[in-house]
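J.: Take a look at the letters that make up each chain.
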Amino acid sequence: MSVRKRMSGLIVDYLVALPLGCVVALVWANTLDESYYRFAHAAAFAVNDIGMVFFFALITKEVAEATIRGGALHPWRRAAMPVAAAVGGVAVSVAFYLAFVHYIGEYMLEDGWVVACAVDIPGSYVIARMIFGRHPAVPFLLLLAISADAIGLACVAVLQPIGQPHSMLGLLLMAGAIVGAFVLRRSATKNFWWYLLGPGVLSWWGLYIAGVHPALALVPIVPFFPHGLRDEGLFEEPAPKAHDTLTLFERWWRLPVEVILFFFGLVNAGVPLHGLEAGSWGLPVAALGRPIGIVAAVGIASLAGLHLPARVGWRHVVVVGAIASIGLIFALFFATAVMAPGTLLLELRLGALLTVFGGVFAVIAARILCVGRFAR
Amino acid sequence: MSRASKRAHVARILVPWLLLTVCVWPLAAQQLVLPTARDSVKFAAIGDNGTGDRPQYEIAELMAQAHERFPFDRVIMLGDNIYGGQGPSDLVKKFSQPYKALLDAGVKFFASIGNHDDPANVKYPLWNMGGQRYYTFATKNVRFFALDSNRVDQRELAWLESALKDAQEDWKICYFHHPLYSDGGRHGSSVDVRVLFEPLFIKYGVNVVFSGHDHIYERITPQKGIYYFVEGASGELRKGNTRPSAMTAKFFDQDQSFMLVEIDGNTLSFQATSRTGAVVDSGTVKRQGQP
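Those protein sequence lines, which keep their order, are chains P and Z.
Sequential numbering from 1 applies to the first sequence in this note's numbering.
Sequential numbering from 1 applies to the second sequence in this note's numbering.
Hints were generated in silico from the structure; no laboratory data involved.
Don't be surprised by glycine CBs; every beta carbon is placed ideally from N, CA and C.
Do not take every clue at face value.
[Said to hold, decoys possible] Over the 12 Å line for every Cβ pair with chain Z, so calculated as not near, a few chain P residues: (1) TYR36; (2) ALA157; (3) HIS166; (4) VAL179; (5) GLY228; (6) ALA304; (7) ARG367.
[As the list claims (entries may be wrong)] Computed footprint of chain Z on chain P; a stretch qualifies when at least three of its residues, placed anywhere within it, have a C-beta under 8 Å from a C-beta of chain Z: (8) 97-108; (9) 336-348.
The shape of chain P in the complex, shown without the other chains (with noise of 0.2 Å):
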């Protein structure tokens, strides 16, 4: 089976629109600076707050179905040292980041540490797809990137709210939204756009007022939505003759998601290329501490009695941290959620950038420790 055809199509999108985005932002952003600049703050809204819904619902009903029988979150209690390492991971690469920014007296730039959080879940899964093919190590380099975004978006949502948020009132109509999912699930609704129009509607306008970003009002929406009996794997392609709500959800947006991505690379990752300051290199230093943090975690973890899955050794936590250095796409989002614009969000968006360079240092460190497709 080809590559194309094992992978969802989430995966292929990413791979193709998202750089496709970013390369156009960059070489407007430094040819017509201000034409770039007047769009990017424009479409916005419309790109990060609305569209973005999609992509975290898709990411999401991955989730959702890693959790039914035969999927990697399936039972949960499988998901506990990839927990462990994603704490370690976060907790170091946090760490390292306010360091280096102190470091640097870029005080400004503190605010910022939620983003250090960031694993890039598609992009980390690429690498991982490269390096290891269908060894245990995946799933577990999933479970980690899931819970070191899930770590920053919690961090996000209740330490960082935007604007004058009414919590109170949020608070409501999100449980209204969530009541709203339930009952539709409980009368065996099938049709996605009902959960969307109702409560997925609810959920943007609760998170919204509550200054939670509202890009994550599908998270505790698609959970309810209809699944199948079996998961075919974390960012694995649907059996064709698969018409359960979920899937259905999936490949209806599938393209919208395709030309989302590519405008959320358009409208993030336009930086100047020079100019900047030291700050941007905050994020690639954070990613730094990231297999440390997990190495370290793990290490702690195995001491209080979990166990890594079959076949995965110390050397693959090490790659495996490697690859979670990649903050990209969460890390640009985590930018926006917690940056208004200006010259610091810049810094961190380039910053953002930058760690796509840990693909190329997991590649390096799986071929000095020899592991995976560099095994001898």
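With chain P's structure known, arrange chain Z on it following the hints.
T.: Quick look at chain Z alone, frame taken from chain P:
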């Protein structure tokens, strides 16, 4: 008279003269070309100053000397007011100590914050920010708007629009850290901030904008009818870092500098003074729309 006593006599005359020359030289050397009208608005502008190093102290000394002849009552600070450590001892070493003479003379400092400033320092009482990232104040026919260009959220833009709309004064002066126009080789123009601020500046008739960030002095040719100055060399300096372009009216990047500004009626006079006391740029601009 013996040769020795002749020498002693000459020395008695020369030494006081030499001492007098050495002591008075900096004061005499500092040029002042502003009108110094009696009821005019007078202020100074400094940017990227808070190094705590010798050049910052020397600029501060020159400012204190200038104050004796040009009694400005306020200093606008264009950000990066403190570099490195931001604790109480740093605030003394890098702010209250160098500018002690001015502070003692009752001069008030009004800061905007730069990327190297600790956001908590908006509460530092000697910076008169009232705990806010952006604020406004007025004197006579001039209203100042201190803005935060590090992160420009919708609340700041809404506040700015409302404050500009409500301003009744003849002159509207905005200042913040990142320059909308600059020929500094290290940073240059902050175009991402320009597309947010500039439409409001144009719509509500902002007259003059001061910024720092690039460690040079530069006067920009009017852009869309607005006068722009970059003064980011009042402590830091990036020698020879200007890349002059069509928008450069004048620049100075060979030494530290500060600005003195006077507004009298519809006329704004300015001068930029280097660390040697020399005036490296000066001029007069008329308020837009006035003959």
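J.: Give a verdict on every hint.
T.: Against the structure, the hints come out as follows:
1. TYR36: violated (8 Å)
2. ALA157: holds (18 Å)
3. HIS166: It holds; HIS166(P) is separated from chain Z by about 15 Å at its closest Cβ, greater than 12 Å.
4. VAL179: holds (31 Å)
5. GLY228: About 43 Å separates GLY228(P) from the closest Cβ of chain Z, which puts it past 12 Å; holds.
6. ALA304: holds (38 Å)
7. ARG367: holds (38 Å)
8. 97-108: n = 4 at 8 Å, threshold three: holds.
9. 336-348: n = 8 at 8 Å, threshold three: holds.
The structure is inconsistent with hint 1 alone, although it conforms to all the rest.
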